[in-house]
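Visitor: Please model the complete structure; the sequences and the hints are all you need to start from.
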Amino acid sequence: MNLELDAADRDFQAEVRAFIDAHWPDAARAQARDTVAREGRPSVVERAWFDALVARGWSVPHWPAAHGGANWSPTQHYIWARETAHADCPEMSPFGSRMLAPVLYTWGSPAQQAAHLPPIREARITWCQGYSEPGAGSDLASLTTRAVRDGDHYVVNGAKTWTSGAHHADWMFCLVRTDPHARKKQEGISFLLIDMRSPGIEIRPILILGEQHTVNGVTLNDVRVPLANRVGEENRGWTYAKGLLTHERTGIAGVARSQVALRRLRYLALANGLDDDDVFATKLDELEIELLALEMTELRTLATVEGGGAPGPESSILKIKGTEIAQRIDDLVIEALGYYALPYPAPQLIDNEGPIGPMNAVPAIRGMLYGRAASIFGGSNEIQKNIIAKAVLGL
Amino acid sequence: MDFSFSEEQTLLKDSVSRFVHNDYEFAARQKLVKSELGYSRDHWRTFAELGWLGVPFAEKDGGYGGGPLETMLLMEEFGKGLVVEPYVPTVLLAGALLRIAGKSAQKERYLPRIIDGSLQAAFAFAEPQGRFNLADLTTTAKKDGEDWLLEGYKCVVLNGPSADLLVVSARTTGAQRARTGVSLFLVDASAAGVSRRDYPTVDALRASEITFENVRLGKDAVLGRVGRALPVIEQAIDEATLAIGAEAVGCMEVLYKATVEYCKTREQFGQPIGKFQVLQHRMVDMFMEYEQSKSLMYMAAMRMAEGYGDEAKKAVSAFKVQVGKSGRFVGQNAVQLHGGMGMTDELNVGHYFKRLTTVDTLFGNVDHHLRRFGSL
Numbered sequence: 019m020n021l022e023l024d025a026a027d028r029d030f031q032a033e034v035r036a037f038i039d040a041h042w043p044d045a046a047r048a049q050a051r052d053t054v055a056r057e058g059r060p061s062v063v064e065r066a067w068f069d070a071l072v073a074r075g076w077s078v079p080h081w082p083a084a085h086g087g088a089n090w091s092p093t094q095h096y097i098w099a100r101e102t103a104h105a106d107c108p109e110m111s112p113f114g115s116r117m118l119a120p121v122l123y124t125w126g127s128p129a130q131q132a133a134h135l136p137p138i139r140e141a142r143i144t145w146c147q148g149y150s151e152p153g154a155g156s157d158l159a160s161l162t163t164r165a166v167r168d169g170d171h172y173v174v175n176g177a178k179t180w181t182s183g184a185h186h187a188d189w190m191f192c193l194v195r196t197d198p199h200a201r202k203k204q205e206g207i208s209f210l211l212i213d214m215r216s217p218g219i220e221i222r223p224i225l226i227l228g229e230q231h232t233v234n235g236v237t238l239n240d241v242r243v244p245l246a247n248r249v250g251e252e253n254r255g256w257t258y259a260k261g262l263l264t265h266e267r268t269g270i271a272g273v274a275r276s277q278v279a280l281r282r283l284r285y286l287a288l289a290n291g292l293d294d295d296d297v298f299a300t301k302l303d304e305l306e307i308e309l310l311a312l313e314m315t316e317l318r319t320l321a322t323v324e325g326g327g328a329p330g331p332e333s334s335i336l337k338i339k340g341t342e343i344a345q346r347i348d349d350l351v352i353e354a355l356g357y358y359a360l361p362y363p364a365p366q367l368i369d370n371e372g373p374i375g376p377m378n379a380v381p382a383i384r385g386m387l388y389g390r391a392a393s394i395f396g397g398s399n400e401i402q403k404n405i406i407a408k409a410v411l412g413l
Numbered sequence: 101m102d103f104s105f106s107e108e109q110t111l112l113k114d115s116v117s118r119f120v121h122n123d124y125e126f127a128a129r130q131k132l133v134k135s136e137l138g139y140s141r142d143h144w145r146t147f148a149e150l151g152w153l154g155v156p157f158a159e160k161d162g163g164y165g166g167g168p169l170e171t172m173l174l175m176e177e178f179g180k181g182l183v184v185e186p187y188v189p190t191v192l193l194a195g196a197l198l199r200i201a202g203k204s205a206q207k208e209r210y211l212p213r214i215i216d217g218s219l220q221a222a223f224a225f226a227e228p229q230g231r232f233n234l235a236d237l238t239t240t241a242k243k244d245g246e247d248w249l250l251e252g253y254k255c256v257v258l259n260g261p262s263a264d265l266l267v268v269s270a271r272t273t274g275a276q277r278a279r280t281g282v283s284l285f286l287v288d289a290s291a292a293g294v295s296r297r298d299y300p301t302v303d304a305l306r307a308s309e310i311t312f313e314n315v316r317l318g319k320d321a322v323l324g325r326v327g328r329a330l331p332v333i334e335q336a337i338d339e340a341t342l343a344i345g346a347e348a349v350g351c352m353e354v355l356y357k358a359t360v361e362y363c364k365t366r367e368q369f370g371q372p373i374g375k376f377q378v379l380q381h382r383m384v385d386m387f388m389e390y391e392q393s394k395s396l397m398y399m400a401a402m403r404m405a406e407g408y409g410d411e412a413k414k415a416v417s418a419f420k421v422q423v424g425k426s427g428r429f430v431g432q433n434a435v436q437l438h439g440g441m442g443m444t445d446e447l448n449v450g451h452y453f454k455r456l457t458t459v460d461t462l463f464g465n466v467d468h469h470l471r472r473f474g475s476l
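In order, the protein sequences belong to chains Z and B. Everything in the first sequence is counted per the numbering used here, starting at 19 for the first residue and increasing by one. Everything in the second sequence is counted per the numbering used here, starting at 101 for the first residue and increasing by one.
These are calculated hints, taken from the structure and not from any lab test. A hint or two may mislead.
To be verified - Over 10 Å on every C-beta distance to chain B, these chain Z residues come out as not near it, computed from the model: (1) Phe37; (2) Ala40; (3) Ala88; (4) Gln131; (5) His185; (6) Asp197; (7) Gln230; (8) Lys339.
What the hints assert, rightly or not - List of simulated lysine-lysine pairs, DSS-like, C-alpha gap at most 27 Å: (9) Lys408(Z) <-> Lys134(B); (10) Lys375(B) <-> Lys408(Z); (11) Lys337(Z) <-> Lys364(B).
Said to hold, decoys possible - Chain B stretches covered by chain Z per the calculated footprint, using a threshold of three residues with CB under 8 Å from any CB of chain Z: (12) 120-128; (13) 360-369.
By construction, the Cβ of each residue, glycine as well, lies at the ideal position given by its N, Cα and C atoms.
Guide: Below, the structure written as structure tokens:
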């Protein structure tokens, strides 16, 4: 038992650092930082970074090698996540690369794989996820968006909600009900790929707490989807969507991102007159200890997977603890800002007079507000606890 | 990075686990703690025969050649059985001080007897005014010709009632809380001027208040360098902190699992109470606290195994903070979810809770280690 990286992993780390230095220089970093609100498409500097990743074969390292993955060990994935987070490298949208792709390369037809995996790998196309509905949130399997066969098409009618990035997306992967009479509600669901340019799709923005436009309501009125765009068998979509949940637990805790955020928070506290504040210092130290524990829990999971085992029960806590810690950091950022936690300029606005208060106050407020979603999406933390109670504790 | 255990480590863990499972059933343990001695000499002999009393000592000193990882594995298993034999005071405190600071004559005199089980020892370091500050000492040792005269009072000396050998920290120079001027002395527990008041602790161990009145010690009684003992004490206490933390992790595992089992079988309102979501989520929280503690246990043990320095100290303090908070949460909620049964002396649950509560205090509580973590 030891925490040291072995020689091969140290070499890999050096290789990653050199790659980042070459393709994500400080100038790009600064430019990305000064972009207050990000549009759905990569900015120029982000595009250059993604192109470099594609050329190096590192854009989707976690995929199987046959589809363009990097064949890394779990330790290498961990090193990659840590180094890129500490350098603020842009991340690919997870919807295509992390959520849809595993379904496609596991259950998709060769034609679907050939059509959709390369553009995701090259970050040339964006996907959104059509899961939640106004009446189906945590109880996702009660979804009612209906798909009825009509020749070689499905005709889809219904409404999806909280659809992140629908207003930028080229495609949507979508759960629809194909058999309303199935014995169990989970059994009548299919998994469809829907071209967002299809007639009958309407997108309505939903402004979230920071007044940003990231999520949408999407209505589907007689949208025609070729049968060829169904992934796997009809009525088996729930199985595929659920299978996706067991993929890619590593990284879900966001340890590296939280480490960076906590380091920034320490600087912020110093810059805001909290250097002598013992109470605040104690809060930071408590948070750091929790984050150390989470990092070790992730490493334990990683080690099990690396040894060829299935992730142990400890892996189930990564999402809950990861989001709790990230949200706690956001809270303390707001505390650290003092009165400058109050100004609330329009999200897109950078005027010639510069920011009101410290530069980092601008994204902090909206970051905190947006961050509240982390314990709600992807299965709320309460749902996560239901799952652990059942699957791990056998209750 | 490597999270696997060697074959030897696995064998050690399995052998302790077997002992706890086969020979340390709760009812038998309760008989032991009510006996005059408070633990079993037979068990102690078994520990010696199986080599456990030599785990942290070098092979050239007759030990097993283990380190923090081995101690962690052993203590985690001890925790599952609430083992009361004085392993920590004898082997991990007095033994560690001798191992780290002892001259070869001192090691030769005491270590073989610790390892073969014939010597019981204790470390008298705490004083009423000092709380968790290891340097805050009013006990003094003054030169008298070639000899030393020891004078002072030590509180809550674990294993004091059974100890043949006392290792005592005392101030030889400097102000009451100065980091230098602290020395260690080896004191025969039956020496003239040593008097004890013995009592049980809340977690069924035995301890003593010990008064030293003009105790005359020869120059051979000095352990380590005169006036320079504090770093040695800190290391021994950090090793022991890791050990009792691992013990607490073992306690937490037993408690969260026992609580889950109880809630599956206990029926109220016509169904097992484990069907109620409010209890399910509480148990998930208990499980998460246990896992997070276990993670930091591994980190602390690995950092200590890398070598004793600031990284290791920081890791031990982080672990102790986590264990203090988690132990309290898991212990209190195990009692809560067992309801009235959890309050009984008859059920094992409350006894694990009592041990977890004392582990938080021992060698510095959450607040102490949080401050130390921040200062390193």
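Visitor: Any Cβ of chain B at or closer than 10 Å to Ala40(Z), or is the non-interface label fine?
Guide: About 26 Å separates Ala40(Z) from the closest Cβ of chain B, which puts it past 10 Å; holds.
Visitor: Would you say the stretch 120-128 of chain B counts as covered by chain Z, given the rule of at least 3 residues with C-beta under 8 Å?
Guide: As far as the stretch 120-128 of chain B goes, the hint is violated, because 0 residues have Cβ atoms under 8 Å from chain Z.
Visitor: Just checking, Gln230(Z) versus chain B, shortest CB gap more than 10 Å?
Guide: holds, 31 Å
Visitor: Beyond 10 Å on every Cβ pair: is that true for Lys339(Z) relative to chain B?
Guide: For Lys339(Z), whose nearest Cβ neighbour in chain B is about 7 Å away, the distance does not exceed 10 Å, so it is violated.
Visitor: Would you assess whether Ala88(Z), listed as outside the interface, keeps its beta-carbon beyond 10 Å of every beta-carbon in chain B?
Guide: Holds, because the least Cβ-Cβ distance between Ala88(Z) and chain B comes to about 19 Å, which exceeds 10 Å.
Visitor: Classify the label on Gln131(Z) as holds or violated, using whether its beta-carbon is more than 10 Å from each beta-carbon of chain B.
Guide: holds, 34 Å
Visitor: Taking 10 Å as the cut and beta carbons as the points, is His185(Z) off the interface with chain B?
Guide: holds, 36 Å
Visitor: Mind checking, does the stretch 360-369 of chain B have 3 or more residues with a CB under 8 Å from chain Z?
Guide: holds (count 3)
Visitor: Given the proposed pairing of Lys337(Z) with Lys364(B), does the C-alpha separation stay at or below 27 Å?
Guide: The given pair, whose Cα atoms are some 26 Å apart, holds under the 27 Å limit.
Visitor: Can the restraint linking Lys375(B) and Lys408(Z) be considered satisfied, given a maximum Cα separation of 27 Å?
Guide: holds, 10 Å
Visitor: Tell me if the straight-line CA distance from Lys408(Z) to Lys134(B) falls inside 27 Å.
Guide: violated, 40 Å
Visitor: Please verify that the nearest CB of chain B lies beyond 10 Å from Asp197(Z)'s CB.
Guide: holds, 30 Å
Consistency with the previously given hints fails for numbers 8, 9, 12, ordered from lowest to highest.
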